[in-house]
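Protein chains: 2
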Amino acid sequence: MKIRLKTRGELFIISAPSGSGKSTLIKLLLEQVENLEYSISYTTREPRKGEINGKDYFFVSEKEFKKMIENNEFIEYAKVFDKFYYGTSKKQVYSRIKQGKDVIMDIDVQGAYQIMKKKELDFTSIFIIPPSIEELRKRLISRGRDSIEEIEKRLNTARNELKYLRHFDYVVVNDILEEALSSLKSIIFSERHRVKRLVDTENIYKHFAEE
Amino acid sequence: MKIRLKTRGELFIISAPSGSGKSTLIKLLLEQVENLEYSISYTTREPRKGEINGKDYFFVSEKEFKKMIENNEFIEYAKVFDKFYYGTSKKQVYSRIKQGKDVIMDIDVQGAYQIMKKKELDFTSIFIIPPSIEELRKRLISRGRDSIEEIEKRLNTARNELKYLRHFDYVVVNDILEEALSSLKSIIFSERHRVKRLVDTENIYKHFAEE
Numbered sequence: 001m002k003i004r005l006k007t008r009g010e011l012f013i014i015s016a017p018s019g020s021g022k023s024t025l026i027k028l029l030l031e032q033v034e035n036l037e038y039s040i041s042y043t044t045r046e047p048r049k050g051e052i053n054g055k056d057y058f059f060v061s062e063k064e065f066k067k068m069i070e071n072n073e074f075i076e077y078a079k080v081f082d083k084f085y086y087g088t089s090k091k092q093v094y095s096r097i098k099q100g101k102d103v104i105m106d107i108d109v110q111g112a113y114q115i116m117k118k119k120e121l122d123f124t125s126i127f128i129i130p131p132s133i134e135e136l137r138k139r140l141i142s143r144g145r146d147s148i149e150e151i152e153k154r155l156n157t158a159r160n161e162l163k164y165l166r167h168f169d170y171v172v173v174n175d176i177l178e179e180a181l182s183s184l185k186s187i188i189f190s191e192r193h194r195v196k197r198l199v200d201t202e203n204i205y206k207h208f209a210e211e
Numbered sequence: 001m002k003i004r005l006k007t008r009g010e011l012f013i014i015s016a017p018s019g020s021g022k023s024t025l026i027k028l029l030l031e032q033v034e035n036l037e038y039s040i041s042y043t044t045r046e047p048r049k050g051e052i053n054g055k056d057y058f059f060v061s062e063k064e065f066k067k068m069i070e071n072n073e074f075i076e077y078a079k080v081f082d083k084f085y086y087g088t089s090k091k092q093v094y095s096r097i098k099q100g101k102d103v104i105m106d107i108d109v110q111g112a113y114q115i116m117k118k119k120e121l122d123f124t125s126i127f128i129i130p131p132s133i134e135e136l137r138k139r140l141i142s143r144g145r146d147s148i149e150e151i152e153k154r155l156n157t158a159r160n161e162l163k164y165l166r167h168f169d170y171v172v173v174n175d176i177l178e179e180a181l182s183s184l185k186s187i188i189f190s191e192r193h194r195v196k197r198l199v200d201t202e203n204i205y206k207h208f209a210e211e
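Chain order of the listed sequences is A and B. By UniProt numbering, the letter at position 119 of the first sequence is numbered 119, and the numbering carries on one by one without gaps. By UniProt numbering, the letter at position 10 of the second sequence is numbered 10, and the numbering carries on one by one without gaps.
To be clear, the hints were calculated from the coordinates, so they are not data collected in a lab. Just to be clear, a hint being listed does not mean it is correct.
Same chains, same label: a pair holds when it works inside one copy or across any pair of copies.
Unchecked claim - Capping the alpha-carbon separation at 20 Å, the derived lysine to any residue pairs in SDA-like fashion look like this:
1. LYS196 / THR124
2. LYS66 / ILE97
3. LYS196 / PHE123
4. LYS117 / VAL195
5. LYS2 / ARG154
6. LYS79 / ILE40
7. LYS55 / THR157
8. LYS206 / HIS167
9. LYS27 / ARG139
10. LYS185 / GLU34
11. LYS6 / THR44
12. LYS185 / ARG197
13. LYS138 / ARG4
14. LYS185 / MET116
15. LYS55 / GLN99
16. LYS101 / GLU62
17. LYS163 / TYR205
18. LYS196 / HIS207
19. LYS119 / ASN203
20. LYS185 / MET1
21. LYS83 / ASN35
22. LYS185 / LEU29
23. LYS163 / ASP200
24. LYS206 / SER18
25. LYS138 / GLU76
26. LYS196 / GLU51
27. LYS6 / GLY54
As the structure is a computational prediction, the values presented were derived from the model and not from experiment.
Produce the complete structure using the sequences and hints provided.
Below, the structure written as structure tokens:
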């Protein structure tokens, strides 16, 4: 009988300075890579029309959310616009990893750094960077969503966020989208061959010993 | 100006139980992957017709070889058939890595384990395994090179070598050749995105800060 190596999944924390094309890349990854899922956040805001509990978000009350904070149940959480809480639950992510699924967590640079500093979780971090600040400026202008002042503010934020590069495991330059996508896929695929991710190694040894 | 990330190369130690198809896979990798080279061994045997010094091997005298052993210049070395020495020089491998080349070292399982135990070098290890002992038997029989007794001896060796799996970084099952090749490529490509392999990080930070 041919061996089939079983591996646990991995949590991929993907972060990038604003405007680096992270969301597009993650969308394509989720479409094209099997056994790869997006982490679902908990939130205290009301569901919008069409949003499904447990698919788009887990919708909970502020009381429930605060209880989860107390119990240290979040990988990270934040209060957005001083109003609603958003957070990623450890249990939710690690139960899927145990089933062999890879999970992507899309998070801003500061949030990613907070998780790294804690050093309590096992994950692989990927930093997506633009090829240059000039290119980032072009992209933000052509998007037409922000004023010149807003764009320059964003570029300054990006400059600061780029300083966190050294804390990540992998770096991918998003110059040509297809190339960046292929690099991200390589990283995800190669991590699936990690010996330390194998489960049931005793059975592997048995498989070969008994034939 | 667009950033080009410069990385140092990596030493890939590739090992496999005999008959796993390692040599074919390495040959294809070297043909298809840019900036990937084979490590050149030192040997004390005479060059065969057509062999070029510094390309196929570095041909040295036994005296020179023993001097290199004394000076701890080898990543590993062995005396084959109690007659000729073969060895891989640290300087040779690491000078190419410094130039940004990835280097593949093809080595038997025991040799790989010796290198790992020393823990003095920086490398990534990959273990190629057959899908089953039965499949290995089929391959060895269809190769028609060995007697039944010799094949059973090889299978026993393979069974023992498979126990070293846990010491490697990555594992690739060579069932369908194209799939195994693609997995190996992913591993090599993904390692090129490692932040810890970046050289000249100060320049990267400058690049983004000054624009």
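Structure-based check of all given hints:
Proximity of LYS196 to THR124 under the C-alpha cut-off of 20 Å is found in both arrangements, the shortest distances being 13 Å within a copy and 13 Å between copies. Taking the closest pair of Cα atoms, LYS66 and ILE97 never come within 20 Å of each other, the shortest separation being 25 Å inside a single copy and 51 Å across copies. Taking the closest pair of Cα atoms, LYS196 and PHE123 come within 20 Å of each other both inside a single copy (13 Å) and across two copies (16 Å). Taking CA atoms no more than 20 Å apart as the test, LYS117 paired with VAL195 passes between copies only; the shortest distance there is 17 Å, against 25 Å inside one copy.
In this assembly of identical chains, LYS2 and ARG154 lie within 20 Å of each other by CA distance solely across copies; the values are 19 Å between and 53 Å within a copy. Taking the shortest alpha-carbon separations for LYS79 and ILE40, only the intra-copy value of 16 Å comes in at or below 20 Å, while the best inter-copy value is 58 Å. Proximity of LYS55 to THR157 under the C-alpha cut-off of 20 Å is found in neither arrangement, the shortest distances being 31 Å within a copy and 50 Å between copies. Taking CA atoms no more than 20 Å apart as the test, LYS206 paired with HIS167 passes between copies only; the shortest distance there is 17 Å, against 39 Å inside one copy.
Taking the shortest Cα distances, LYS27 and ARG139 sit within 20 Å of each other inside one copy (18 Å), while across copies they are farther apart (42 Å). For a Cα distance limit of 20 Å, the shortest separation of LYS185 from GLU34 qualifies both inside one copy, at 11 Å, and across copies, at 18 Å. Taking the closest pair of Cα atoms, LYS6 and THR44 never come within 20 Å of each other, the shortest separation being 37 Å inside a single copy and 44 Å across copies. In this assembly of identical chains, the alpha carbons of LYS185 and ARG197 lie at most 20 Å apart whether taken from the same copy (17 Å) or from different copies (19 Å).
Proximity of LYS138 to ARG4 under the C-alpha cut-off of 20 Å is restricted to the inter-copy arrangement: shortest distance 19 Å between copies versus 47 Å within a copy. Taking the shortest Cα distances, LYS185 and MET116 never come within 20 Å of each other, neither inside one copy (22 Å) nor across copies (28 Å). Taking CA atoms no more than 20 Å apart as the test, LYS55 paired with GLN99 passes inside one copy only; the shortest distance there is 18 Å, against 48 Å between copies. With identical chains, the CA atoms of LYS101 and GLU62 are never at most 20 Å apart, being 29 Å at best within one copy and 54 Å at best between copies.
Taking CA atoms no more than 20 Å apart as the test, LYS163 paired with TYR205 passes between copies only; the shortest distance there is 7 Å, against 45 Å inside one copy. In this assembly of identical chains, the alpha carbons of LYS196 and HIS207 lie at most 20 Å apart only when taken from the same copy (18 Å versus 36 Å across copies). For a Cα distance limit of 20 Å, the shortest separation of LYS119 from ASN203 qualifies neither inside one copy, at 31 Å, nor across copies, at 28 Å. For the identical chains of this complex, LYS185 and MET1 are neighbours neither inside a copy (29 Å) nor across copies (26 Å), given an alpha-carbon limit of 20 Å.
Taking identical chains as interchangeable, the C-alpha atoms of LYS83 and ASN35 are never at most 20 Å apart, the minima being 34 Å within one chain and 52 Å between chains. For a Cα distance limit of 20 Å, the shortest separation of LYS185 from LEU29 qualifies both inside one copy, at 7 Å, and across copies, at 18 Å. With identical chains, the CA atoms of LYS163 and ASP200 are at most 20 Å apart between copies only, with a shortest distance of 14 Å across copies and 40 Å within one. For the homomeric pair LYS206 and SER18, the shortest alpha-carbon distance between copies (19 Å) is at most 20 Å, but the shortest distance inside one copy (49 Å) is not.
Taking identical chains as interchangeable, the C-alpha atoms of LYS138 and GLU76 are never at most 20 Å apart, the minima being 32 Å within one chain and 52 Å between chains. In this homomeric assembly, LYS196 and GLU51 never come within 20 Å of each other (Cα to Cα): the closest approach is 37 Å inside a single copy and 41 Å across copies. Taking CA atoms no more than 20 Å apart as the test, LYS6 paired with GLY54 passes in neither setting, with 27 Å inside one copy and 42 Å between copies.
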